[in-house]
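Listed here are the chains, written in short residue letters.
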Amino acid sequence: MADMIQILVLGLALGGVYALMGSGLSLVFGVMRIVNLAHPSLVMAGAYIAYWAFRLGGVDPMVTLPVALVILAATGVLLYKLVFEREARSAKYSEMTVLLTFALAMVVEGALGTAFTNTQRVTSPDYATDAFFIGSVFIPKGQLYSGIVSLTIISALALFLKFSAFGNAIRATTQNRDAAELLGVNVNLVGLVSFAIGIGLAGAAGALVSFVFSFFPAKHWEWIAILMSLVVLGGMGSILGTVLAAFILSIVAAYVGFFFGATWSTLTFFVALFVVLLVRPQGLFGEKPELA
Amino acid sequence: MPNIDTDDILEQRRAYNEMLAQAADKTRAVWFPMAIMAVLLALPALQFVGNYNYLIHLVLFTASYVVMASGWNVLGGFTGYISLGHNVFFAVGGYFAGMAFARLDISTIILAPVAGLVAGALGYLIGLITLRVRGPSFIISSLALVMIFRIFFENWEFVGGAAGVALKANSLPVEWAKLPYYYAFIVMAAFAVWASYRIKHSKFGLGLRAISKDEIKSESAGIDTRFYKVMAFAISAFFVGMAGAVWGEYLTYIRPNIFLIILVSVNMVLMCILGGKGTIAGPVIGAVLIVAFNEFFVATLGASEINILATGLIMMLCLMFFPLGIVGTLARHRKLPRILNWD
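Each protein sequence line maps, in turn, to chains P and E. With the working numbering applied, the first sequence corresponds to residues 5 to 296, in that order. With the working numbering applied, the second sequence corresponds to residues 187 to 529, in that order.
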């Protein structure tokens with residue numbers, strides 16, 4: 005019984021980081037209809053920023069987090085202007101952008117691999133290897149802190165979307181781009197800002213990832229499928245759904261890992277992705293995807 | 187209103203189409219692919235005058251990608267369903283033939299068509315499931331497929347897990363050792379190009395091209411879209427599986443990280459996009475160019491990481507500025523040289 009609770013706690017603790025990674029992806033899909041396969045590679049870029057700040061200056065990843073967020077958001081603006089803005093009128097937009105982000109993922113992976121080699125890295129602030137104990141159940145501090153930070157960021161994002169005028173514009177564009185444009189929303193600006201926020205969240209998630217997982221550039225392929233499973237299960241474009249899916253799947257993965265061995269734990273995400281796509285493509289909270 | 191004799195109209199249209207087809211045939215430079223074939227078949231004679239093993243390896247490597255890219259093109263080019271997970275069938279073909287070679291000592295070259303059929307059958311089953319979704323969802327599901335197969339192959343002890351299985355090299359002297367595989371790949375490549383030409387110009391191929399233009403309209407025009415799509419998936423898997431079968435014996439080992447790395451499936455996609463999706467010559471031109479690029483980057487820059495960076499960059503630029511590919515763009519501007527018009 006204690007084991008079962010322990011695994012639940014570990015699963016919950018990991019869910020937070022996944023939720024932050026997934027919510028940026030979900031925001032970008034919701035507004036721009038871009039399935040951003042490059043998202044995990046940009047998370048990796050954020051992780052490297054945190055790693056080198058820690059390694060060279062001893063800066064805590066939590067302190068680097070806003071910096072990574074800003075740097076990646078700026079990258080997002082650049083990418084949007086250079087690559088994605090001009091694709092907006094493309095006939096096969098959704099397929100085109102998937103292929104483009106896929107190629108972008110390779111570019112980022114290659115660049116990171118060239119600059120930092122494919123060695124496994126991890127930042128190790130004191131709390132990363134420490135834990136709280138409640139009775140016999142231990143809660144790793146690193147994962148707990150990262151979960152708290154990511155839920156705080158996601159809540160801030162949710163409040164911004166719900167109560168600010170610009171947030172309303174973003175939500176309106178998510179629901180119906182053409183109608184929003186008719187009502188005077190500058191959809192291009194909304195696209196730019198939400199793309200920047202989405203990529204910025206990847207940077208923030210990267211800073212958290214840097215002490216929760218060990219990472220190397222080529223690892224993002226595994227994360228692509230993991231993050232896609234969260235976004236697809238949550239319903240493409242629904243941030244709440246993504247967060248819920250992140251917790252559900254990471255808990256299930258923790259139990260699968262406990263009963264069948266660690267190798268099979270990641271398989272949970274891939275199988276879930278497969279099954280959800282085929283049984284309920286709209287996920288938990290998404291709308292039925294239009295037939296493009 | 188005069189009574190229109192529909193039989194007559196159909197007859198006239200058929201005659202007119204026939205005339206167009208013949209006119210197209212006259213402009214087609216069939217001698218060009220034939221000449222390439224003749225040169226390639228005679229190429230190993232160079233071994234009598236010096237050591238050209240590297241050249242032979244390059245041609246073989248290119249031919250293997252011509253097989254795979256032409257296969258991928260049936261699904262990705264004609265039908266318009268982009269799969270980023272076709273290396274799964276490369277692995278299945280490679281493992282099937284490789285294990286038969288290791289355990290039963292049957293040459294993979296003889297087994298290649300069987301391995302292709304196994305991959306094709308698996309492709310049929312997977313297609314039944316994944317072709318229920320389209321667009322981005324299909325692309326994502328194909329990526330998930332690679333991840334799932336990778337975990338299975340890495341943990342399946344019978345096929346050696348992550349370490350794989352070593353296969354014995356053939357006993358030919360070193361200057362002739364590559365030749366059986368060389369000829370196998372050349373023949374397969376020629377077959378793949380010929381078959382994709384036949385498919386494109388059949389009723390089946392016409393149906394596939396209709397699906398890529400507008401699936402709902404094709405369905406209402408009476409095309410059994412589900413069957414067509416799944417068959418296209420199976421056919422493309424067949425070619426990729428066949429290439430995988432011989433590739434394992436050529437490398438003398440089978441291992442998950444030879445077959446199930448993302449670069450293999452990206453190369454197939456990229457070759458078709460660069461050369462021209464849905465054209466016959468496109469995958470061939472793409473394969474030649476990408477293999478040349480790869481060799482150039484590895485030879486001059488040395489690192490495989492830069493290779494990944496360059497591949498990604500080429501793909502992005504190609505998608506942004508030449509979405510129709512080399513053959514497609516030239517054809518649109520009516521500047522396609524006759525020798526490259528294989529359609």
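Incorrect hints may appear among the rest.
[As the list claims (entries may be wrong)] Straight-line C-alpha distance at most 27 angstroms; calculated DSS-like pairs for lysine-lysine:
(1) P:Lys96 x E:Lys212
(2) P:Lys96 x P:Lys85
(3) P:Lys96 x E:Lys399
(4) P:Lys96 x E:Lys389
(5) E:Lys521 x P:Lys96
(6) E:Lys399 x E:Lys389
(7) E:Lys212 x E:Lys521
Derived from the structure by calculation, the hints contain no laboratory data.
Consistency of the hints with the structure:
1. Taken as a hint, the P:Lys96 and E:Lys212 pair is broken in the structure, with Cα atoms around 35 angstroms apart against an allowance of 27 angstroms.
2. Between P:Lys96 and P:Lys85 the alpha-carbon distance is near 19 angstroms, which keeps this suggested pair within the 27 angstroms criterion.
3. A distance of roughly 10 angstroms separates the Cα atoms of P:Lys96 and E:Lys399; the hinted pair therefore holds under the 27 angstroms criterion.
4. Taking the CA atoms of P:Lys96 and E:Lys389, the gap is near 25 angstroms; set against the 27 angstroms cutoff, the hint holds.
5. Restraint check for E:Lys521 and P:Lys96: satisfied, since their Cα atoms lie roughly 25 angstroms apart, inside the 27 angstroms limit.
6. Proximity of E:Lys399 to E:Lys389 is assessed by CA-CA distance (about 15 angstroms); at most 27 angstroms being required, the pair is judged to hold.
7. Among the hinted pairs, E:Lys212 with E:Lys521 is consistent with the structure: their alpha-carbon atoms are about 17 angstroms apart, no more than 27 angstroms.
Checked against the numbered hints listed earlier, the structure breaks hint 1 alone; every other hint is satisfied.
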